[in-house]
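S.K.: Produce the entire structure from the sequences given, and follow the hints as far as they go.
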Amino acid sequence: MTRELPQDPMIRRLIQQAKQANLSRRTVLQGAGIGAAALTLAACAPGAASKPTPAVDKSATDKTLYWANWAAYLDEDPNNKGKYPTLDAFEKQTGIKVTYSVDVDDNNTYYGKVKGQLALGQDIGADTVCLTDWMVSRLISLGYVQEFDRSKIPNAKNLTPALQNPDFDKGRTKSLPWQGGFAGICWNKEKVPGGLKSVADLWDPSLKGRVGVLSEMRDTIGLIMMQQGVDISSNWGADKFHNAIDEFKKQVDNGQIRNIKGNAYLEDLKSEDTLAAICWSGDITVINAEAGDKWEFAIPTAGGTLWNDNFVIPIGSKKKANAETLINYYYEPEVAATVAAWVNYITPVVGAKEAMLAIDPALADNQLIFPSEQTLANTKIFRTLKPSEESEFGAAFQAVLLGS
Amino acid sequence: MAFAAFATETAKEQTPRRGGKIALLLLVPGLLYLGLFFLVPLFSLVFTSLQAPSGVNFGQFEAAFKIENYAVFGQYSEQILRSFLYAVLATVFALLFSYPLAYFIGVKARPWPLLQNLMLVLVIAPFFISFLLRTIAWKSMLSDESPFVTGLKAISLLAPDAHITGTPFAVVFGLTYNFIPFMTLPLYASLERLDTRYLEAGSDLYAKPFTTFRTVTIPLSMPGIVSGVLLTFIPAAGDYVNASREFLGGTGTAMIGNVIESNFLLSNNYPAAAALSIILMLAILVIVLVYVRVSGTKDLL
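These protein sequence lines map, in sequence, to chains S and W. Anchor point for the first sequence: position 203 equals 402 in the working numbering, and the numbering is continuous, going up by one each time. Anchor point for the second sequence: position 95 equals 175 in the working numbering, and the numbering is continuous, going up by one each time.
If you're looking for bench data, these hints aren't it; they were derived computationally from the structure. Hints may be right or wrong, so weigh each one.
Unchecked claim - In silico lysine-lysine, DSS-like type, Cα no more than 30 Å apart, as pairs: (1) S:Lys390 to W:Lys233; (2) W:Lys146 to S:Lys312; (3) S:Lys449 to S:Lys585; (4) W:Lys146 to S:Lys314; (5) S:Lys493 to W:Lys233; (6) W:Lys146 to S:Lys250; (7) S:Lys262 to S:Lys517; (8) W:Lys233 to S:Lys449; (9) W:Lys233 to S:Lys407; (10) W:Lys233 to S:Lys469; (11) S:Lys312 to S:Lys469; (12) S:Lys396 to S:Lys407; (13) S:Lys282 to S:Lys312; (14) W:Lys146 to S:Lys585; (15) S:Lys469 to S:Lys390; (16) S:Lys373 to S:Lys296; (17) W:Lys233 to S:Lys388.
Said to hold, decoys possible - Quick look at which bits of chain S chain W covers, simulated, 3 or more residues with Cβ under 8 Å: (18) 453 to 460; (19) 463 to 475; (20) 587 to 599.
Backbone N, C-alpha and C define an ideal beta-carbon position, used for all residues, glycine too.
M.R.: As structure tokens, then:
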């Protein structure tokens, strides 16, 4: 630092001043550094182990509710976008003002957004949110959701027996199914007149660069594994998963797969960037209604995946009772039938089929809403993963998405 | 060098004040800010990068000294190199586009202050709209069925099955577009002070216009070039919006920012993400130091 000082008297003086202040500045910096290190250690020390506690319920005085959900997942007024008839009826009936928001595009991205607040027991904005089985399982095991007061949800007795005791929530004390569905394949009927039968048909050279797949690992890899002859609900080993990843990576690397997305894949279908896709059953009915009858859905011959999305009440929500009132409402068979008639997903409510006969008898036989034993036999639930598997498989899947 | 412009003016005598305490007091907010928002996160990042999985639940980690976490560098070296390549390309293109623009606004348009201000507003105006929205807009303008792409295909400038979105071209284009104002403004600031009498002197001494430009204009605007390059290159190397699959990128264009985002938000592999962030910071630091040394403008820092 023994440089010659510049000639300019003003600058010269400034530099001299700065040099004099140097010592004290360094001391201050050191002090700040030590303080920062102490702060960091303090921040790191506790945490992870302790589970957050539920927020105090203010539903009695605050008649509002924020419901976060996936796209194309609630009956919408065809003439008035953003108006939801069943929800309007609920608001009139109960006086609870509901903000319905399409916030969830993908389980992982949604979880990534809110997990920090959940871990601290803070309000994430949403008072109830519908997420997929495996994610709900994670939320429950981490203590990130509130326990229902089942006396406030009497209609939960209508829950179909098959879904009453899943391994992640025996007796359904913290989650209740919203809708279920299949992942399968769909195609643009105008551009692909021949249609598709299996996942292997998606890899046809004529569709190069026009295929979309879901960023939901269990659906995309699940379908590929089924195509490879693996029963995804059985206790398969890591080699079976990696075989499917290899096939997936091959199709991404050679440009057959154009994009890998969450619910936003519907935009690509509409803009015709993709002509065929791995997709969710009900969505196709919805975009057919929105953008002209152009797409068709099928469960691949080798089998499709079956999943459920469930209502949960995040740990920081102050409107638990309001959320329970809402869940109770959607478990009325007539309401459930109205929603199912629009979203075309499997409703978990017993009695909805009878109610559907009054709304639209043709839909009571729709395999996407009321699947028969035969249809269900051709679909499987992706088995529950151990935490170590979830990290390993998740990383392998994300690595393909990043092109490595 | 920048002081040369003031050489003719006499430096005003200022009464120096010996206010050590006041100076320190004035430094406190800045130091607190630096401590809270730079040092603490930095320490926390270093700690996170050394954590090991606790094994009980998915996405939970405990304090450890697992230096092996830094081995992710090998797994994602391709994305790291790609980030710097894209960032360098974007910086070069931004400089090529911005220099004439800044020169026009700062030098040629001097007789018309109104035009000068209007053009400056046009440079800054995109900032009034969200960065994300502008990128989304480009995505739809460059999508397969857009008039631009179908037009290019109609005149056979683009193969019938080619795409623009999801290609390196789209990503570099997006980076260049989004960071051009960061290049233009510092260039304008230094060119605006360019004393045109030096240029006249150059031509009086029989220098060709290009020689004058090379030996007079460029050296005088060097501070602007250096700060513009730094302001463009650093954020561009870490950018994760343009290269994201939701925006202009595809699976083959992931940059280091996308890898970090994916590890943080999707895989919940915080140690790997933190290690990559630190690697990125160090790499940028080294590149910037080398650059500053080579361009010989140490005084700027």
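S.K.: Determine for every hint whether it applies to the structure shown.
M.R.: Hints and how they fare:
no., hint, result
1, S:Lys390 to W:Lys233, "holds, 19 Å"
2, W:Lys146 to S:Lys312, "holds, 27 Å"
3, S:Lys449 to S:Lys585, "holds, 27 Å"
4, W:Lys146 to S:Lys314, "holds, 24 Å"
5, S:Lys493 to W:Lys233, "holds, 25 Å"
6, W:Lys146 to S:Lys250, "holds, 26 Å"
7, S:Lys262 to S:Lys517, "holds, 11 Å"
8, W:Lys233 to S:Lys449, "holds, 28 Å"
9, W:Lys233 to S:Lys407, "holds, 17 Å"
10, W:Lys233 to S:Lys469, "holds, 20 Å"
11, S:Lys312 to S:Lys469, "holds, 27 Å"
12, S:Lys396 to S:Lys407, "holds, 17 Å"
13, S:Lys282 to S:Lys312, "holds, 27 Å"
14, W:Lys146 to S:Lys585, "holds, 23 Å"
15, S:Lys469 to S:Lys390, "holds, 12 Å"
16, S:Lys373 to S:Lys296, "holds, 23 Å"
17, W:Lys233 to S:Lys388, "holds, 24 Å"
18, 453 to 460, "holds (count 5)"
19, 463 to 475, "holds (count 4)"
20, 587 to 599, "holds (count 8)"
The structure meets every hint from the earlier list without exception.
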